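Visitor: Sequence:
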Amino acid sequence: MALSLRQGSLARCAAQRVQPARRAAPFAPVRQVRPCRSLRALEIDWSDPDTQIGLAGMVLGLVLGLGAPLFYISRADRDEERLEELRALNRSTFAETGEYMSEDEIAKIRKPKWTDRREWADDD
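For reference, each letter of the sequence shown is one residue, going 1 to 124 in full-length UniProt numbering.
These aren't lab readings, by the way, just hints derived from the structure by calculation. All of these numbers come straight from a predicted model, not from anything done at the bench. Here a beta-carbon is modelled for each residue, glycine too, at the ideal position from N, C-alpha and C. Just to be clear, a hint being listed does not mean it is correct.
Unchecked claim - Restraint ranges, calculated between C-beta atoms of paired labels, are given here:
hint, residue 1, residue 2, range
1, Glu80, Trp120, 16 to 24 Å
2, Leu66, Val33, 40 to 48 Å
3, Ser102, Gln52, 55 to 63 Å
4, Gly65, Ile44, 21 to 29 Å
Build out the structure end to end from the sequences listed, making use of the hints.
Guide: Here it is, written out as structure tokens:
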């Protein structure tokens, strides 16, 4: 029985039913054909606390696994926009007064990111 890999189990069962068993030679062993089993739906008891905890963990993991990186990406994009606005403001301040803004003025306008507040120490 030559079947392609694309055919599902139902197609294989139908193919087994249609084709009669043939012997290639009188002394060749007869291949046993297993009867086809029908597909059944998976029954899940949703009232079981273990199932509910597992489902809640799966949903929470999916939300946090996708939500946290998306949140950090949006914050980084917004910080880039603020930084560009601050650079434009600094250029206009320099054009008007001839001086750039001080680090304190820039720090008041632009909030530091959570990675900027960490102290990087070499403990080697």
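Visitor: Evaluate each hint against the coordinates.
Guide: How the hints compare with the structure:
1. Glu80 to Trp120: 16 to 24 Å: Roughly 22 Å apart at Cβ, these two residues keep to the hinted range, so it holds.
2. Leu66 to Val33: 40 to 48 Å: holds, 47 Å
3. Ser102 to Gln52: 55 to 63 Å: Roughly 57 Å apart at Cβ, these two residues keep to the hinted range, so it holds.
4. Gly65 to Ile44: 21 to 29 Å: holds, 23 Å
In this structure, none of the earlier numbered hints is contradicted; all agree with it.
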